[in-house]
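Trainee: Chain by chain, the residues run as shown.
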Amino acid sequence: MRRTHRAKRKLVVPAVAAIALIAVACTSGSDSGSTSASGSAGGSGAPIELTMWHGYGDVIDNQGQTNYEAKSLTDLVNEFNDANPGIHVNLVYTAVNDHALEKLTVGMQGGQQPDIAYQYGTSIPQLSTAPSIMDLTDRVQDPSFKWDDFVQGARDAATFDGHVYGIPALIDNLAIVYNKDMFASAGIDPPTADWTWDDFRAAAQTLTDPSKQQWGWAFPTDATEDTVWHYDAMLWEAGGDILNADNTQAAFNSPAGVEALTALQQMAVTDKSVYLDQQNTGKTDQLFNSGNIGMLVTGPWALSAYPDVDYGVQVMPTFGNGPHTTIAGPDMWVMFDNGDGRADAAWQFMSWLTAAQQVKADSMEAGHLPTRTSVGQAPGFQEAFDKKFPGEGLFVQNLENVTKARPVLPTYDEISRIMGEAIVTVMLGQAEPQQALDDAATKVNAVLAGG
Amino acid sequence: MFVLPSVLLVALFSIFPVVWGFVLSLQKASLISPNRPFVGADNYTRIASDPVAVKAATNAVIYTFLFVPSSIILALFLAVALNQRIRLIRFYRLAVFIPVAVSTIATGVMFMWVFDANFGIANWTLGRVGLGPFGWFDSPSGAMPSLVIMTIWGWLGFDTIIYLAALQGVPHELAEAAAVDGATRWSTFRTITLPLLGPATLLLVVWSTISAVQLFDEVYFVTKGGPLGATSVPVFYIYKLAFTSSYGFSAAGYAAALAYALFVVILILTLVQFWMGNRVVHYSS
Amino acid sequence: MVEKPHTKWLPFSAWHFLLMPVAILMLVPMVWVVMTSLETLAQTQHFPPILWPGSFQWSNYPRAWSSVPFDTWFINTIIVTTAVVISNLLFCSLAAYGFARIRFFGKSVAYFFLLATLMIPVQVVIIPTFLIVKQLHLINTLGALIVPNLANVFGIFLLTQFFRTLPVELEEAARIDGASRLKVLFRIVLPLSLPALATLAVIQFLWTWNDFLWPLVTIYNPSVYTLQLGLMSFQGSHVNDTNLLMAGNVMSMLPMLILFIAAQRYFVRGIATQGLKG
Numbered sequence: 001m002r003r004t005h006r007a008k009r010k011l012v013v014p015a016v017a018a019i020a021l022i023a024v025a026c027t028s029g030s031d032s033g034s035t036s037a038s039g040s041a042g043g044s045g046a047p048i049e050l051t052m053w054h055g056y057g058d059v060i061d062n063q064g065q066t067n068y069e070a071k072s073l074t075d076l077v078n079e080f081n082d083a084n085p086g087i088h089v090n091l092v093y094t095a096v097n098d099h100a101l102e103k104l105t106v107g108m109q110g111g112q113q114p115d116i117a118y119q120y121g122t123s124i125p126q127l128s129t130a131p132s133i134m135d136l137t138d139r140v141q142d143p144s145f146k147w148d149d150f151v152q153g154a155r156d157a158a159t160f161d162g163h164v165y166g167i168p169a170l171i172d173n174l175a176i177v178y179n180k181d182m183f184a185s186a187g188i189d190p191p192t193a194d195w196t197w198d199d200f201r202a203a204a205q206t207l208t209d210p211s212k213q214q215w216g217w218a219f220p221t222d223a224t225e226d227t228v229w230h231y232d233a234m235l236w237e238a239g240g241d242i243l244n245a246d247n248t249q250a251a252f253n254s255p256a257g258v259e260a261l262t263a264l265q266q267m268a269v270t271d272k273s274v275y276l277d278q279q280n281t282g283k284t285d286q287l288f289n290s291g292n293i294g295m296l297v298t299g300p301w302a303l304s305a306y307p308d309v310d311y312g313v314q315v316m317p318t319f320g321n322g323p324h325t326t327i328a329g330p331d332m333w334v335m336f337d338n339g340d341g342r343a344d345a346a347w348q349f350m351s352w353l354t355a356a357q358q359v360k361a362d363s364m365e366a367g368h369l370p371t372r373t374s375v376g377q378a379p380g381f382q383e384a385f386d387k388k389f390p391g392e393g394l395f396v397q398n399l400e401n402v403t404k405a406r407p408v409l410p411t412y413d414e415i416s417r418i419m420g421e422a423i424v425t426v427m428l429g430q431a432e433p434q435q436a437l438d439d440a441a442t443k444v445n446a447v448l449a450g451g
Numbered sequence: 001m002f003v004l005p006s007v008l009l010v011a012l013f014s015i016f017p018v019v020w021g022f023v024l025s026l027q028k029a030s031l032i033s034p035n036r037p038f039v040g041a042d043n044y045t046r047i048a049s050d051p052v053a054v055k056a057a058t059n060a061v062i063y064t065f066l067f068v069p070s071s072i073i074l075a076l077f078l079a080v081a082l083n084q085r086i087r088l089i090r091f092y093r094l095a096v097f098i099p100v101a102v103s104t105i106a107t108g109v110m111f112m113w114v115f116d117a118n119f120g121i122a123n124w125t126l127g128r129v130g131l132g133p134f135g136w137f138d139s140p141s142g143a144m145p146s147l148v149i150m151t152i153w154g155w156l157g158f159d160t161i162i163y164l165a166a167l168q169g170v171p172h173e174l175a176e177a178a179a180v181d182g183a184t185r186w187s188t189f190r191t192i193t194l195p196l197l198g199p200a201t202l203l204l205v206v207w208s209t210i211s212a213v214q215l216f217d218e219v220y221f222v223t224k225g226g227p228l229g230a231t232s233v234p235v236f237y238i239y240k241l242a243f244t245s246s247y248g249f250s251a252a253g254y255a256a257a258l259a260y261a262l263f264v265v266i267l268i269l270t271l272v273q274f275w276m277g278n279r280v281v282h283y284s285s
Numbered sequence: 001m002v003e004k005p006h007t008k009w010l011p012f013s014a015w016h017f018l019l020m021p022v023a024i025l026m027l028v029p030m031v032w033v034v035m036t037s038l039e040t041l042a043q044t045q046h047f048p049p050i051l052w053p054g055s056f057q058w059s060n061y062p063r064a065w066s067s068v069p070f071d072t073w074f075i076n077t078i079i080v081t082t083a084v085v086i087s088n089l090l091f092c093s094l095a096a097y098g099f100a101r102i103r104f105f106g107k108s109v110a111y112f113f114l115l116a117t118l119m120i121p122v123q124v125v126i127i128p129t130f131l132i133v134k135q136l137h138l139i140n141t142l143g144a145l146i147v148p149n150l151a152n153v154f155g156i157f158l159l160t161q162f163f164r165t166l167p168v169e170l171e172e173a174a175r176i177d178g179a180s181r182l183k184v185l186f187r188i189v190l191p192l193s194l195p196a197l198a199t200l201a202v203i204q205f206l207w208t209w210n211d212f213l214w215p216l217v218t219i220y221n222p223s224v225y226t227l228q229l230g231l232m233s234f235q236g237s238h239v240n241d242t243n244l245l246m247a248g249n250v251m252s253m254l255p256m257l258i259l260f261i262a263a264q265r266y267f268v269r270g271i272a273t274q275g276l277k278g
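Chains as they are written, first to last, in this note's numbering: chain A, 1 to 451; chain B, 1 to 285; chain C, 1 to 278.
Here chain A stands alone, though its shape is the one from the complex (with noise of 0.2 angstroms):
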């Protein structure tokens, strides 16, 4: 079961998002008022027909194995065209998630922008702008469509200014995947729920064995948000916050911060056993995989990238003193409304596509975390999802733990460009937790204040 794997060429989404975002600025004159996107308005008799770009891939992929995830999503919508005669859905794979928000740009450029687009979460700040975009603010209010059941961290993340722009379509979040076998031959137990970040540490150390060319643990140091936000979470566990209340400040630097950041300082510089993985182009997952890194802290779409090893997940350590959290990087169906009735066709649709019937449904074929309280909370549901997606559902439970997000603004790249370096640094034994988070608060203040 192959899964999406974020957070790689980040560079690349940007600079083309941007060059694509710049002619539609340009030519704007041009298209202005041009909303009809590819589809019909559905007049006597003849279905809405909607469009809807997705980055799953196709249902059989170049290796010619299936892919669960474009298998399931497919198979749900002919369900709903088949049960909705008055409304057509029409699903195309334009291009891999990385390159979603490009592509959108792009297409919103020429007027062609879909209904219903796949959209990483960290872009709704950006899309907020676009002229078309659907805010879901009072849709989502509705009863029936239950917005409450969605996850926490995956209802802020759609959140921008106080209007609702996107609906969770997946969700995930990070915990410890470990090797079982290292940790027998090295005669220490695996990691439990009641580990804390000493525990975790001691461990670490036992594994690592230079001559063996072994580590106890990976982090990727290449200062993109990757890092960042492995960051977050230890950060948000010592009690701590990236922002403070209004987004006006940082607060990163709080004894909170010093206390994770110096947590991985401890392991990165002084233990040595961590594994800085400086280009994150995919080399922790294969030494993880060739049985020379003994714990990760990863996502259940990596799973699928350890086929030789025998896995445990647990959950993250906490630092004694609070309880467990964990952070997510929750992606988006956003909606466009290219009039003619198209709207209303497309929420009707979105609604039972997100219901959670269909979200039990995608689960359970495509290996995703239920985006939605109830599916995941169900009784029976973690055993039946983990025996099928082994790992997986401690993920599943671990979706109580994501009860933060991180700050939902559009300066959110500049402050985790200044954290990731100011992180990084530290990693490198090159700064100290205390200075570098201060000087990094200096720098995020005054992005915050608009310098």
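Source of the hints: derived by calculation from the structure; they are not laboratory data.
Any given hint could turn out to be false.
Claimed, not checked - The calculated DSS-like cross-link candidates involving lysine-lysine, where the alpha carbons are at most 30 angstroms apart (straight line), are:
#1 K55/B x K443/A
#2 K387/A x K404/A
#3 K224/B x K443/A
#4 K272/A x K55/B
#5 K388/A x K224/B
Stated by the list, open to error - A short, non-exhaustive set of chain A residues, derived as facing chain C with CB atoms under 7 angstroms:
#6 V59
#7 T66
#8 Q314
Computed from a prediction, not measured in an experiment: that's the story for all the values here.
For each residue, glycine too, the CB sits at the ideal point set by N, CA and C.
Mind docking chains B and C on chain A? Use the hints.
Mentor: Same frame as chain A, now just chains B and C:
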């Protein structure tokens, strides 16, 4: 006129962008929104106090000084070797050219493996002769030399075939005449061949310098400016400012200013090289 | 021809000692690319990389070809590259001859101006160039890839430098005989410049064939993609189809290598000096 069509084409696709870019450099601009407040020379003065820009500039200087002389000298050497009439020479020429044909992505991935600090062939080989493991791309001090090696490897074939073409223009008779007069092969090379390669050398020096200062692809695909800015180069910084949101959405004007500053630097460098070159290089007499 | 006698210590030239190791060094990545193209996907995910897969998946090649519109992309790329190379050979020769031999008003300025354009980082001009191409209604067509590249300043530069090294007597003799400048260019200068022309052709081919960023920005319709853009299709939503990607890369490199081998003929010494005898 001979020159006119080409000049017009180049003008169309160069003048407008150049002017547009200059205007942009005087604004606090976003490439997305039409709101572009005029800030005059602020963008330019910002450069001097921007540590990232200064670092990028320093890196560019270091890289250029490492890359240009080494690649030209190596290329000359190789071209002479490839000019011999020996067996397998066509195979050798092809082999030298192949790295140029391999895409930057493939080259980058390969070098990331070769230079891997723990698993790469480079450290393994060096370990066998007792040299300690190097950090290569992973160490702030080793990343730049690794980048130089990777780019020389990737572009050597290019310089070499230009020299090879130029060597074809060296008349055989001159070398033979010198040999008859008792000159050694080295002094023949030094006094006859080398001066005749003057124009080609000038071309390569100018071109390599311009390319070196504008280094981008390899940094983009492999090091991404790291670790910790060790391989941060001007064009990569410009790219991040203008085309990504890592520095906010209004940095395009500043990026344009940086690009213009870079342009001026290259311009001066090239002028100097041409001036010196024209004093030293002999054209056909 | 006087050949300097010297004893041969080895049955083959000593140059091989230099060239063979260099050749191996240069070829190692090619070997790696080809090996990867013959592996299964699982094998490509192993780290450190497997250099000898044991069994070869030759089927990767037809699969790479057929799972995506490889043939369309191939043809597109051939069209664009051929057009650009021919156009460059023509325009650059004309311009280079003008700069090398003709005195005209504003020559230094024009030459300098052209050179200056080389110095502007492409990232800066990419947007305005995009806007121009859009005005010409060429976006999403092969024209967008051809038109801005009809005359590459590097080519002008290369040929100018080369033309300057040619002995001017030949051309003067022809002009005294009444030939026009154009005739001189085509009948005398160009035949003597085959190595430089061949070099330009190979280089321009290389650049156009491998160009990625410009097609990425201007072409959105998959049926108009060039090969480099198309190869992106092997970057899947879950993992990259690295083995197919490498197979695609190998197939993509073949035309260039064939061209290079064919062009090697022109790197032969002696053609340039024929005119001086007799």
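Trainee: List, from low to high, the hint numbers that the structure doesn't satisfy.
Mentor: 5, 6, 7 and 8
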